[in-house]
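Each chain, letter by letter, is given below.
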Amino acid sequence: MCGIVGLFLKDKKLEPKLGMMLSEMLVTMTDRGPDSAGIAIYGNDENNTGKITVQSDTPSEDFKGLEKEINALTGIKVSIRTKSTHAVLEMETASIPAVRKALKQIRPSLRIMSAGDTIEIYKEVGLPKDVAARFDVSSMSGTHGIGHTRMATESAVTTMGAHPFSTGNDQCLVHNGSLSNHNSLRRKLRREGVHIETENDTEVGAAYLTYKMQQGSSLGEALESSLEDLDGFFTFLVGTKDGFGVVRDPIACKPAVMAETDQYVAFGSEYRALVNLPGIEEARVWEPEPATVYFWTH
Amino acid sequence: MQTFDLEAQGLRELNSTLHAQVDETNQTSWEITNPKGSHAIAVGLDAPIEVNIKGSTGYYCGGMNKQATINVSGSAGPGTAENMMSGKIVIDGDASQYAGATGHGGLLVIKGNASSRCGISMKGINIVVHGNIGHMSAFMAQSGNLVVCGDAGDALGDSCYEARLFVRGSVKSLGADCEEKEMRPEHIKILKELLAEADSDAKPEEFKRYGSARNLYNFDVDNATAY
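Residue numbers (my numbering), protein chains in the order written: chain A, 1 to 298; chain B, 1001 to 1227.
Note that these hints are calculated values from the structure, not bench results.
Take the hints with a grain of salt, since some may be wrong.
[What the hints assert, rightly or not] Not everything, but these chain B residues come out facing chain A in the computed CB check (under 10 Å):
1. Ser1056
2. Gln1097
3. Asn1113
4. Gly1134
5. Gly1153
[Stated by the list, open to error] Output of the computed footprint for chain A on chain B, the stretches with three or more beta carbons under 8 Å from beta carbons of chain A:
6. 1030-1042
7. 1071-1084
[Claimed, not checked] As a list, the in silico BS3-like pairs of lysine-lysine whose alpha-carbon atoms are at most 30 Å apart:
8. A:Lys101 to A:Lys64
9. B:Lys1036 to A:Lys129
10. A:Lys129 to A:Lys17
11. B:Lys1036 to A:Lys10
12. B:Lys1172 to B:Lys1192
13. B:Lys1054 to A:Lys17
14. A:Lys254 to B:Lys1036
15. B:Lys1123 to B:Lys1066
16. A:Lys254 to B:Lys1111
17. A:Lys12 to B:Lys1036
18. A:Lys83 to A:Lys129
19. B:Lys1172 to A:Lys254
20. B:Lys1036 to A:Lys17
21. A:Lys254 to B:Lys1054
22. B:Lys1036 to B:Lys1054
23. A:Lys77 to A:Lys64
Only a predicted model underlies this, so the values are computations on that prediction, with no experimental measurement involved.
No residue lacks a Cβ here, since even glycine has one placed at the ideal position from N, Cα and C.
Sequences are here, hints too, so could you generate the full structure?
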């Protein structure tokens, strides 16, 4: 099972409502996977800063004075916004690698959820409605976002096993299905120097796409080659700074429904996730074809 | 006519109300509003009633249907009319994967396209699709008729038994042991009746018939080393 949702806005007027619409869609999919949930939101890139989203099991200790300690060590000006177990650190984009390095030194137990210009990832164990409320996702605005509610099959129910997975700046992936060659592919990617944190199959999928793009593929090309190199069942929804893409394996057992209007492109594991979107009655609704890459960018 | 608001009254209430209808009921016409993609709408009916669903449905709409006529004015989710025994189900829009799977009887009409695995393991149901069907349709189909007015996807009729598959458009590929067959007068007659019942104006003569080459029926000793 697992439930996936995604929303790509064409109409700027809807941007303040992105978090609200996306979390409603995700809550509708709760019974497809109630063990953990996560959401990736691409905010508006207004002030040209970069962000790192981090997670801690002991947030009150870990986040207190963190920005000052980073500044003391690196001289980089960092601001911090705390949301429950997550915190978003903001700095100049060029400083992201230095701040990551500093974090490893100052707070080695912190988990990095995402990094990039606009992406923020929030994920935890629990029901979608609780996870969405905990991070106040409804109040977030943005250009596009993806969400996932998990029924674990390949690895443990933990924060780090929840989706979305991000292995590259402003890139993330959610997955419904299970990959069967993830162990061999993980070994191969690690040999190439790709950092993979968990034993989860989806993280390997995300790392694979990131690796392909580092090698010069566009996201579309990386998704095309995933059809050759990944074995197993998958419906993938992939986010980048500019948009999102969808691909299903050639057998296409894992469900997927898309809807498009002048205002948005929406994805849901089931039509139920889309029923409350504005103008859905007049939307073009279809199932993405197997082994076909779909992509939308701003 | 009885109207039932699914959102307000709930699925269990709906299905138990419809199950309570018997052959002699005088409440023969039902309208269901706000289906909103819900699962298992009008499953397990066994009475000669008409159920009109105003909108799109989710998984397993009309599953195990006997006698009833069910109309869906939108599109239908996976497993629509699964294991139908008799009656008629009409989907105005598209149907998701494995529509009509394992059906024993009755007629399923899909006015839009059907997705993958349409009519998988069908056992006597008749299915008429006005549009196209996806890959692996009629996999292991045993009996009944699958009529496709548009095109068929990959691996049509893989490992099928005695079901008849009629396709008007192109077939992307045939599955193992499925072959094109001669269209005889009795097939034209079957098609004519099914197309009329399904409200399609397609001409029976425009179709090609596919079915089992019956090579998988018996063990071939030349394949002994393959196992």
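Cross-check of the supplied hints:
1. Hint status for B:Ser1056: holds, given a least beta-carbon distance of 5 Å to chain A, under 10 Å.
2. A cut of 10 Å between beta carbons decides the hint on B:Gln1097: the least distance to chain A is about 7 Å, and the hint holds.
3. Against a cut-off of 10 Å between C-beta atoms, the interface hint on B:Asn1113 holds, since the closest Cβ of chain A lies about 9 Å away.
4. At about 8 Å, the closest approach between the beta carbon of B:Gly1134 and any beta carbon in chain A falls short of 10 Å, and the interface hint on this residue holds.
5. Hint status for B:Gly1153 relative to chain A: holds, with the closest Cβ pair at about 9 Å, below 10 Å.
6. A count of 3 residues in the segment 1030-1042 of chain B with a Cβ less than 8 Å from any Cβ of chain A is obtained; the coverage claim is therefore met, three being the minimum.
7. Under the rule that three or more residues need a Cβ within less than 8 Å of chain A, the assignment of the segment 1071-1084 of chain B holds, with 3 such residues.
8. A threshold of 30 Å between alpha carbons decides the hint, and for A:Lys101 with A:Lys64 the separation of about 19 Å falls inside it, so the pair holds.
9. Restraint check for B:Lys1036 and A:Lys129: satisfied, since their Cα atoms lie roughly 20 Å apart, inside the 30 Å limit.
10. Restraint check for A:Lys129 and A:Lys17: satisfied, since their Cα atoms lie roughly 17 Å apart, inside the 30 Å limit.
11. Restraint check for B:Lys1036 and A:Lys10: satisfied, since their Cα atoms lie roughly 24 Å apart, inside the 30 Å limit.
12. For the hint pairing B:Lys1172 with B:Lys1192, the CA-to-CA distance comes to about 25 Å; that is within 30 Å, so the pair holds.
13. A threshold of 30 Å between alpha carbons decides the hint, and for B:Lys1054 with A:Lys17 the separation of about 28 Å falls inside it, so the pair holds.
14. A threshold of 30 Å between alpha carbons decides the hint, and for A:Lys254 with B:Lys1036 the separation of about 20 Å falls inside it, so the pair holds.
15. Taken as a hint, the B:Lys1123 and B:Lys1066 pair is honoured in the structure, with Cα atoms around 15 Å apart against an allowance of 30 Å.
16. A hinted pair counts as satisfied when its Cα atoms are at most 30 Å apart, and A:Lys254 with B:Lys1111 qualifies at roughly 24 Å.
17. The hinted pair formed by A:Lys12 and B:Lys1036 meets the criterion: a straight-line CA distance of about 27 Å does not exceed 30 Å.
18. This hinted pair checks out: A:Lys83 and A:Lys129 have alpha carbons roughly 16 Å apart, not beyond 30 Å.
19. A hinted pair counts as satisfied when its Cα atoms are at most 30 Å apart, and B:Lys1172 with A:Lys254 qualifies at roughly 22 Å.
20. Of the pairs offered as hints, the one joining B:Lys1036 and A:Lys17 holds, with about 22 Å between alpha carbons and a cut-off of 30 Å not exceeded.
21. Taking the CA atoms of A:Lys254 and B:Lys1054, the gap is near 26 Å; set against the 30 Å cutoff, the hint holds.
22. Restraint check for B:Lys1036 and B:Lys1054: the C-alpha separation of about 9 Å stays at or below 30 Å, so the hint holds.
23. Restraint check for A:Lys77 and A:Lys64: the C-alpha separation of about 16 Å stays at or below 30 Å, so the hint holds.
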